[in-house]
Amino acid sequence: MGQNGYLCPWVEKEYGGAGLGLEFSFIITEEMAYAGVYGLMAGLHSDIVAPYIHTFGDKEQKKKWLPGCISGDIILAVAMTEPDAGSDLSSIRTTAMREGKNYIINGEKIYISNGILANLIVVACKTETGKGSQYKDISLICVEDGSPGFSRGRNLEKTGWHSQDTGELIFKDCQVPLSNLLGEEGKGFYYMMEKLQQERLVSAIMSQASAEAAFNMTLDYYKQRKGLHQAEIPIDANGIAEMATDIEIGRTFLNSLIYDHINGEDIIKKVSMAKWWTSDMTNRVISQCMELYRDYGYLEDYKVGRF
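If you read the sequence shown in our numbering, its first letter stands for residue 2, the second for the next number, and so on.
The hints are simulated quantities; they were obtained by calculation from the structure and are not laboratory data.
Here are the computed lysine-lysine pairs in the BS3-like style, where the Cα-Cα straight-line distance is at most 30 Å: (1) K102 / K60; (2) K271 / K188; (3) K137 / K276.
Distance windows between CB atoms, simulated: (4) L179 / L300: 52 to 58 Å; (5) N264 / G101: 40 to 46 Å; (6) K270 / D237: 32 to 38 Å; (7) D221 / T56: 40 to 46 Å; (8) F25 / R94: 35 to 41 Å; (9) Q225 / S88: 39 to 45 Å.
Even for Gly, the Cβ is constructed at its ideal location relative to N, Cα and C.
Throw the hints in and build the complete structure from the sequences for me.
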């Protein structure tokens, strides 16, 4: 994907990017969902993790890492979730203490998308900056593959999405240079809150595109299907109309959020709604699509069940 320019196309040309708008990256995410290959998690790499480096990294960090993010030589992940804290960022226990020219990181992360393959991971850690404040003592530190004391646990086996790795990360006296700190110490929580807005938007885009792809595929199949009972057709038609309406509502809502986000508007409230609504709508649509396939929807021969 990097060779074709599909990774981080919004990054400036001075770092190897195409210098295009963020909307081009969103289009790539949609097209991957239409094709059913979003398990590659290119959106996570390009539109969720890379912006941390681009926004909060200094010039040297950008020169060091962004070209590899664009070419695909660097694979990114962000490590927030922990076994005991879940996704409650204020309760994380992973620590990063200064020792000479390094941070010494100790702790564990779990359910990390790209966690097995990533060779550069943005890790949320507790530092001493905030003197006990649950929000002001979190920092973001980039851990590179091969850092002393860094290892990986299990590649977690999921019931679905087998093409995407989800892993455990272990930091035991892990040594990372102080220069790998993103932004300022103690600002990590606020950085994550700022970027979670775009993460939710990317999630909503993937859900919406999946619903559209499944619906269009099902409609094509249904039009060609033979042997339907006359009594089934009105019921099926009603379900198709409902799905088309839900999809149109989702697309209209999502397009307005994309426009506002690109233009720098605060969409945190609405994008949280969109992430929930589009994912819930997508589940409903795909379930209805599989019903229209009847028994065939559960066979590997038909792609709809994979959505």
